[in-house]
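Just so you know, the protein sequences line up as chains R and V, in that order.
Counted from 1, the first sequence has number 232 at position 232 by full-length UniProt numbering; the numbering is strictly sequential.
Counted from 1, the second sequence has number 231 at position 231 by full-length UniProt numbering; the numbering is strictly sequential.
Just so you know, not all the hints are guaranteed correct.
Claimed, not checked - Calculated pairs, SDA-like style, for lysine to any residue (alpha carbon to alpha carbon, straight line, at most 25 Å):
1. LYS12/R x ASN300/V
2. LYS122/R x GLU279/V
3. LYS12/R x LYS167/V
4. LYS122/R x GLY351/V
5. LYS72/R x LEU107/R
6. LYS12/R x GLN102/V
7. LYS12/R x LEU197/V
8. LYS122/R x VAL134/V
9. LYS165/R x HIS155/R
10. LYS79/V x VAL3/R
11. LYS108/V x ARG130/R
12. LYS41/R x GLY25/R
13. LYS91/R x ALA58/R
14. LYS98/V x MET1/R
15. LYS167/V x MET215/R
For the record, the hints were derived by calculation from the structure and aren't laboratory data.
None of these values were measured; they are calculated from a predicted model.
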Amino acid sequence: MAVYNRDEFLNKLAAKLGRPRRTEGVVRPVWRVNPQYEVFKGMDQEELVDIFANQCEAIHTDFVRTDVAHLKNVLVDVIKSYGGESIILPKDPRNEIYGLPDCFNELQQDTNIHVWDYTIGKENEKIAERANIGITFSDITLAETATVTLFHNKHHGRSISLMPKNYIAIIPKSTLVPRMTQAAAIIHEKIEKGELVASCVSFISGPSNSADIEMNLIVGVHGPVKATYILVDE
Amino acid sequence: MSLKLEDIPFEEGVQKGIENDFMRQAVSGAQGRFRAGRLKQAQELGNWEDWRKLGEEIRTHTVNHIDFYLHQLSEQVEKRGGHVYFAETAEEANSYIKQVIQTKNAKKIVKSKSMVTEEIGLNDALAETGTEVVESDLGEWILQLEGDHPSHIVTPALHKNKEQIRKTFAQKRGYTGSSEPEELAAFARKQLRSDFLQADVGITGCNFAIAESGTITLVTNEGNADMVWTVPDTLITVMGMERIVPTWEEMEVLVGLLTRSAVGQKLTSYITAYTGCREEDEIDGPNDYHLVIVDNGRSNALGTEFQAALHCIRCGSCINVCPVYRHIGGHAYNSVYPGPIGAVLTPVLDGYDDHKDLPYASSLCGACTEACPVRIPLHEMLVLHRQKIVENGDTPFAEKMMMKGVGMWGGSPFVYKMSTKLAHSALKPWTKDETIENGPGPLKAWTAVRNLAAPPKQSFRSWFENRKKDGEN
Ligand code: SF4
């Protein structure tokens, strides 16, 4: 690890700014206006669920609401509607808590289920690339934009929600916050406390898309072509 | 390193643009949709002016302390296992990147859309290494197959129609399908998947670097940048030095301004924030990470009246409202950065010599300034550029023409002259029943009081022809 040419480069910038270079002591000011904190202020979880559900439509994502007891049936239905075949998911304690293994028992015998296993290395990526469906839990969910936030780690590779044709996010209702403002604040606070942020944090709002050909919306480009968000009442 | 795309005079580029009917229609359609999308999102969010003020304040503070934040960023990236290379020039950046690629003995590189790599001419530099470079953004991939340049900073292949794209796919990649956008995209997905999986090195740009944690944020809809981050073991990020924010909280604010302004979306499908190398036992992400921070003339703006040009978040809103861009298209600017921001930024980065006509590619109507989510006074900066160009004794073609009495932009009252002399169609989006309501920029104040009669239908084409004739003697 190395840093090259930093001093010449930054000294020049400071000189252009007409002052000595600063490497410490700059404090981020309190911004004069802060409209980001006003959005959906004081709303309860139910109101946020409504906003979230509406926004799902805008981003071409199917929205299903259920509770823990019925999650199994709902998930089986969604998986079947995507044609089953092969599924990849992270190694996540929530898999058991939410009864995923049970649900997979309901699927056809020949459905391939792969739980991310770092000990087999890049093979995980290959499996993800071939998989028909990726399933993850959302760590923080943004109502305004219908966004799931994923903190990746050795048990949860980015590939899972990226490479398969279809993506299913399971969203515990308690993960719902108004907007990205709250997610950013949570991450910022952790950094201030000295925690390391995940090597990859992804904010995912629906399937991949593009407007690069004559400005027509094409859903499904490099990432998933279809997405379903399942909100689970706890 | 010149930012010029082609070695042709400004006049010629403009003429080409005007003659390209498909392009002009595509541009005006896109402008309308982008503009409508932005306004809808701004309205839904409410108090948009407060958001713009916040954006401006964040950008002003950050650029004022850019040495501090870049220092912090580099410390954090290093802590997370990455290398940081500060490049004063395009050549320095390119040769560092080439060196990394040669050390890796790379055969294939996948790239995600990045303006700064266009600016420094990275692809040409990489061609010298014999490595295959694949652009993975759908629009950029189309252009790469054709050997063409982007014409818009958000939708680079705006000037191509689907039939042209079908033909290119057929000729270059043996595509046999229809010109339906879905089918074209599905074909591109397949082709690019195999490129991603084989790539040894990935190269991305950077929307916002977060100083507090050494994080790079990428904003996309297609998911290509995520593929570029995920698969190859070696990753290089190239960022313009000003693309930085203090913390995640400012990133969040600016990303929201960017996605709303750029594409009329609350957020794009993917906002991905990655930091240094993958952790132990992680499979996805690079194990060799390089951040290249590029000056390439940006520091010319620091401490000058053009400093705020570095506040730009590359949303393209100014382009989407510009009546001149509407008529001449992106290529006419003959710069990596088209439209009002291009006319402001290009001479700052690259000097006036090659670009002294650019500050004249504007009607000074002020629509750009009003659209800018971080409140950069674009049209004022264009005036400043013109003053400087004239002070230098360097009178470009356009200025000569103006002095000959076309009087397009000079004299007073400026606003009325603009509205009568500038092409009728330039004002079209705001014209309703031949009176102007809610005109752009300075016109707005006027129309708020009374509706102006629409200017006579003098086309941009005829204006341009006159201008040319005048310029010749
Ligand atoms: S100058 Fe402003 S409006 Fe234009 S691209 Fe930059 S941020 Fe957007």
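> Which hints from the list above does the structure break, by number from lowest to highest?
Replying inline: 3, 4, 6, 7, 12, 13
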